[in-house]
Each structure stands twice: as C-alpha cells, then as structure tokens.
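> Line order of the protein sequences matches chains X and A.
Residue numbers for the first sequence follow the numbering used here, beginning at 2 and rising by one.
Residue numbers for the second sequence follow the numbering used here, beginning at 12 and rising by one.
These are calculated hints, taken from the structure and not from any lab test.
Check each hint, because a few of them may be wrong.
Simulated restraints on C-beta separations [claimed, not checked]:
| # | chain 1 | residue 1 | chain 2 | residue 2 | range |
| --- | --- | --- | --- | --- | --- |
| 1 | X | Arg80 | A | Arg317 | 25 to 31 Å |
| 2 | A | Arg100 | X | Ala331 | 55 to 61 Å |
| 3 | A | Val188 | X | Gly163 | 48 to 54 Å |
| 4 | X | Pro288 | A | Pro148 | 30 to 36 Å |
| 5 | A | Ser284 | X | Arg152 | 44 to 50 Å |
| 6 | X | Glu140 | A | Ser284 | 35 to 41 Å |
| 7 | A | Ser67 | X | Asp326 | 41 to 47 Å |
| 8 | A | Asp314 | X | Val270 | 35 to 41 Å |
Keep in mind it's a predicted model, so treat the numbers as computed, not measured.
Note that beta-carbon positions come from the ideal geometry of N, C-alpha and C, so glycine has one too.
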Amino acid sequence: MSVAIDTGLGLTVRGLTTLFNTPRGMALAVADVDLDVAPGEMVGLVGESGSGKSVTLRSIMGLIQTPGHVTGRVEWGGRDLVAMPAEELRRIRGSEIAMIFQEPMTALNPVLPVGLQLEENLVAHMRLNARERRARALELMNTVGIPAAERRLNEYPHQFSGGMRQRAMIAIALACSPKLLLADEPTTALDVTIQDQILKLLLDLRDRLAMSVVLVTHDLGVIAGTCDRMAVMYAGRIVEMGTVIDVFRQPRHPYTRGLLGSVPRAGAVRTMLSSIEGTPPSLTDLPAGCAFHPRCSFATDICRQERPPLLSLGNERKAACFHHDRVAAAEAIL
Amino acid sequence: MNAVPIISVDGVSKQFGASSSFMRRLAGEPRLAVHALNNVSFEVHRGETLGIVGESGCGKSTLARCLVRLLDPDDGAIRFEGRDIATLRSVERRAFNKRVQMIFQDPYGSLNPRMTVSQVLNEALSVHRMRPKGDIPARITELLDLVRLPHDAASRYPHEFSGGQRQRIGIARALAVEPDVIVADELVSALDVSVQAQVINLLLRLQEELHLTLIFVAHDLRLVRHISHRVAVMYLGQMMEIGPSESLFASPRHPYSKALLDAAPELDPTQRSRVVAARGELPSPLDVPPGCPFASRCPHVFDRCRVERPALTKRASEHSAACHLVDFGAMPSALADAV
Ligand SMILES: Nc1ncnc2c1ncn2[C@@H]1O[C@H](COP(=O)(O)OP(=O)(O)OP(=O)(O)O)[C@@H](O)[C@H]1O
Ligand SMILES: Nc1ncnc2c1ncn2[C@@H]1O[C@H](COP(=O)(O)OP(=O)(O)OP(=O)(O)O)[C@@H](O)[C@H]1O
Ligand code: SF4
Ligand code: SF4
Ligand SMILES: [Mg+2]
Ligand SMILES: [Mg+2]
C-alpha cells in the first residue's frame, strides 16, 4: 500500500532476516521477509509450526536476543526499528506498537496483580495521575469484556481463566492505544466461543482506533473471518501473499493449496482430505532449490535446483513458485 | 439402529474433589467438588464413529477415560456388549482391555522415550499374546505398513519422529492388539493442519478396512463433523445434544450447539459476520447452576431454565437434545409434523 509509505504511516518491512546460531548449525528462521501493513489494515500470517511466524513478529518488535541476529529494515513512522537505539525502541514498544504473545502466562508477571501490570504500562507511556490511571485500567478491562473489572484488577494472573488471561494481555497491549498491534496466536488456546468474542473485539478496536494488526494464526478459518490480506510462510519465507478473498479463491502456491485442502469443509463428510504428505524441513538442513519440493506434487527439475523468487503477480498478489500458473489452473479444492 | 449397542453409557457421573480453602473449611462449608460428568447417557453402535465435542473442561477426557476404565464412575454404569465393565474380573478384564483401546491427547508424552518403535509394538503384541514369538517381526512390519510408516522406523526412537509420525506410532500400538473400539482423545490437536489431514485420512481408511468402532473426542468442530457419523455435544459435564452429524450440523436442536457452530470460524472469507455468537464465559465447574447449565449464556433463556434442569429428550429419530425449548432448531416441516 503505497499510500501508507508516503505518509509515513503504517508498517513497511524489507528484507527482514533472522538467524539463530544453534549447536546444529545456523538456523535461518526468517529469510528476506517483505511485509506492508496499512493503517487500519489487518494482515494474517499463517504457516506450519516452526515456519517463523513468531520470530517474524519478535524481530519486528526488536525482541530477538542472542544467539539470534536480525538484519533488514522495519520502517515505522519514517524510522528504522532495526537500527534504532534500544532506549528509543523501548519508548515505542508498548505505546505506538504493542504485542500480544502466544503464551499469556509467560508474558504476564505471575506475582503482580493484573491491574498493576496494566497501570505500569500506563505509567511508562502516558502522563496520567493515579486516579486517571485506575479509571483507564478499569475502562480497558471493560473494553476487553472482563466481568467484575473492579475486583479483577486486584487479582493475580493465576486467578484468571485462560480466556480472561488472554483478554488481560490484550488489555495491557491496548493500554496506550497502539497504532500497530502484533498479535501472536491470540486465540489459539481458547475455546471457539471465547475465540469468537476476542476476534470480534479486535475487529471493533481496529475500526475505532484505525489500528494496524498483524495476526499470526495457524487456523485458516480465523484468517477467513477477520483479515484483509494474508501472507503464507514456509520454512522462514513468505511463499504467497494477497487479499484473503483472492488467496482462498485461487491459491497460487502448492503449499497454500495444500493447507486449504487439508481443512475439512461442510458437505464433504467422511471423505479423504487432500493432505500434504511428508513433514516440514529442518531449518538447519533445508532442501536445495525450493524448500517445499520434497512435499510438492507440482515439482519439476528446476525446483530441485533453484529457489523460486517471490514474484509480483499484480493486484497485491505475490507467489514464490515456478509453476504458479499450473497451481492456479489446477482443479479447485472442494 | 436396532442392533445391540457395542457400548452403552447409562447415567454416568464423576466428581473430582477440589482443594477447598482454609477459610471455607473454617466456615464449615461443604468440600468443593468438580462435577466433571453429570448423569451422562448415550450409546455407541458397532462400526460407527461417534464424535464428542465441547469446550475445554466440559468433561470429554474424563468421559473417554471412563470408557476405557482408566477411571471408575461414581454413579451409573458403562456396558460393553451388555456387560457392566465395572464388574469384569481377571480374564474378562484383560479381554476388555484388549478390545477397547485408547489413543492419548499428547503424542509426546504417551510414548516411552527409551523404547524403539519395534519394542513398543513388541510389548503390546506380547502382553496380549497376539502372535507366536516367531511371527512378531512380520506383524510389526505389517503394522508399520498399515499406518504408513517406513520399515526402518522400527529401530528408531520416538524423538526421531515428527509429531504426526509419533501419533501414527500411537495408532499402530493401539491397532497391534486388534481392538474393536478405539477411543481417540484429541488425536490430532497438537499437529499442524497439513499433518492432521494425514492422520485423519489414515483413520478413515483403517476404520473401513478393520470395521472399527471409533469414539473421536475433539474440540475442533470441523474435524468432528468431517469424521463422525454421529456427534455428541457436551457442556459442563452434561450431554446437551446428540444426533446424526449431518442433521446436527445443519440444524442444531440446542442453543449451545448453535452457539458453538456459529462461533467456529468458517472457511469462506465472503461469509463474514460481526455478531458475537455467545457472550460470557463458562460458569465455574465448582458452581454449576441448578437449572440449565447453559442458562448464564443462553440468548433464549427464560424463567424455567434457571430452576429446572432440562432432560435429554428425543427430537427426531436418533436425535436428542436437553433444552426446554423442544422446538428449537426444528425445520418448519418437522414442526408441522409435530402439530
Ligand atoms: N531462541 C532461539 N534459538 C534457536 N532457534 C530458535 C529460537 N527461537 C526460535 N527458533 C527457531 O526458529 C524457527 C521459527 O520459530 P517460530 O517460533 O517463529 O515458529 P512459529 O512459526 O511461530 O511456530 P508455531 O506455530 O509453532 O508457534 C523454529 O525452527 C525455532 O526452532
Ligand atoms: N484428576 C482430576 N482432579 C481434579 N479435577 C479434575 C481431574 N481431571 C479432570 N478434572 C476436572 O474435571 C473437569 C473436566 O475435565 P476434562 O479433562 O474431562 O475436560 P476436557 O473436556 O477433556 O477438556 P479439554 O478440552 O481442555 O481437554 C475440569 O474442570 C477439570 O479441571
Ligand atoms: S517451486 Fe516447484 S517445488 Fe516449489 S512450490 Fe513451486 S512447484 Fe512446488
Ligand atoms: S433450557 Fe433454557 S437456558 Fe437452557 S439451552 Fe434451553 S432455552 Fe437456553
Ligand atoms: Mg509461534
Ligand atoms: Mg481433554
């Protein structure tokens, strides 16, 4: 979205690469990722476990520690977060940019009441007096739908149910009305009815605050129900990108196609699912050429030798596959 | 179906004691108990797949563990081919243990890390004396083929496999003793979507080939709909609705089933809704309300719901629901029939 870049609003990620030095060798967890998120836009990030979704978000937030190493650019409001001094970055984190972590229990402080954790974030980033802070904390708890907020503020994380912890995390993330929210599987541990409540809350906030959201999930149904655009990751790289409607209607990467086919749908009860055979590769020992080739039914010789570049196919669509035309032309999944 | 059910569950209840606070005990209040299962009844037919769904903590795993007699119900009875499993002794108990197998939720925790796949299968085969010693290696190869694992898998340890492959080892172990019934608790929840599909396909194929009866416990509605002939919906330890998969998903007869279906994300990005399917959270299982357990969240609640617990009653052939609104979700034609 060029508009976003011109006005310095929105997020622009270019060539984001994150390496981990592991005992088994260098692991390329995120490789050359480009990603744009316009104000008020919700972009979904899907992919298998270990494909680099969380590391991508943490790299954007500047939360990668040694043995990890991040290169590339993360432009936010005309500044590059990767090159920014730690002190300045800390000021942006939690105010302009907030993150919801995959594991709420590890992100919340177990020995501090939830209300205090909310207020801490407000102290750090907003000029409010004690009474205003308390009022704001209450307001946030209400916004995320935590009942009996007054009493709940004094409770500790372990006294909350899983769904309420997740909502408390969201409340803390939203404390300073961020302009960008990075949400890592915000609903994965939750029951469907609670997941539904939280996703709809995020959509409302997105509308009200014109907040940009990057939503990581492994549930394609969540993407279908909430996001504007989506990116599909495989072995650290974005392999397909486009509007959610386009990608669901006609995937152009065999992995995306496989993912869509793996999900059971109505009207096909007790039929075989079109599974992707094989398993994801090890990051320290990636196959040559296209990392997906050992599992790909469209693969030819070139796929085993060269890595397909992520090509623009027009209309915000990109795919990294030598045979994206064949994939697009293949029989519809259903 | 008129044949004798292979399994029948009759009024089963199970409670777990919760640690009560010192203050509560001082005040002389009764010990808290979690009502994990509350008067649950249903039948399982031979050769079918029965899906059991419901939100976290509603008692699915407790029920599964009662079915294979890892837990004994406090009340009620579970019958296998007409015999109360609580009364089975020695030889019969061993036979039951062989014929009803459970596959566990956690592919990482349920295999001994120090045993190779061949040792795991060998153990299962020897315990139940399934084959003469000399035939065991051939049977192991056969089992690995059955679950589509490479033959060299036999000499490898669990950590050398991916999650999906480990889950297949668990399936092979359960199949080794040639059971009639498999109880699968969240069999694929820990797996990636693409790998889930492999395991589901395997299960569908094995069921056809081996005429297995399958009880498939999961919280993923799409999966349950896909694999099950019939589906049972649980809430707070109680059975809310049970019926044929297609009719239950097409027109649920209980408001909770409907909320669950509405909340499950659809795969069609053109069909979006901004309406929240169900408000509020599950009440605490320590404090189950006296009337309908869903009353605190039900959009159709009325006075009677708060005082009288609705019984599971018949709505159509093979289809029952526990709601005071007996016409809920009824098709207009069915309504007309009823009048
Ligand atoms: N601190 C670390 N040191 C070494 N490797 C790491 C570290 N953090 C992550 N990785 C590796 O980076 C890869 C990507 O991990 P990441 O957490 O981003 O996956 P993910 O896509 O979020 O998966 P999931 O869906 O399971 O959450 C994985 O292979 C992981 O093992
Ligand atoms: N051994 C136990 N001791 C005490 N309480 C227990 C025990 N096992 C289960 N419970 C409680 O019984 C209730 C039902 O638990 P169960 O594990 O059957 O739920 P479930 O439907 O399988 O949930 P999930 O989807 O999270 O696996 C829960 O409230 C749980 O906390
Ligand atoms: S480039 Fe080749 S191997 Fe890779 S996804 Fe496309 S067809 Fe498959
Ligand atoms: S009995 Fe009442 S509260 Fe319970 S589901 Fe039916 S209408 Fe709702
Ligand atoms: Mg992750
Ligand atoms: Mg369970």
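> For every hint, state whether the structure bears it out.
Each hint, compared with the structure:
1. Arg80(X) / Arg317(A): 25 to 31 Å: 57 Å, violated
2. Arg100(A) / Ala331(X): 55 to 61 Å: With a Cβ separation near 59 Å, Arg100(A) and Ala331(X) satisfy 55 to 61 Å, so the hint holds.
3. Val188(A) / Gly163(X): 48 to 54 Å: Roughly 36 Å apart at Cβ, these two residues miss the hinted range, so it is violated.
4. Pro288(X) / Pro148(A): 30 to 36 Å: 33 Å, holds
5. Ser284(A) / Arg152(X): 44 to 50 Å: 32 Å, violated
6. Glu140(X) / Ser284(A): 35 to 41 Å: 27 Å, violated
7. Ser67(A) / Asp326(X): 41 to 47 Å: Holds, since Ser67(A) and Asp326(X) (Cβ atoms, about 44 Å apart) stay within the stated range.
8. Asp314(A) / Val270(X): 35 to 41 Å: 39 Å, holds
Consistency with the previously given hints fails for numbers 1, 3, 5, 6, ordered from lowest to highest.
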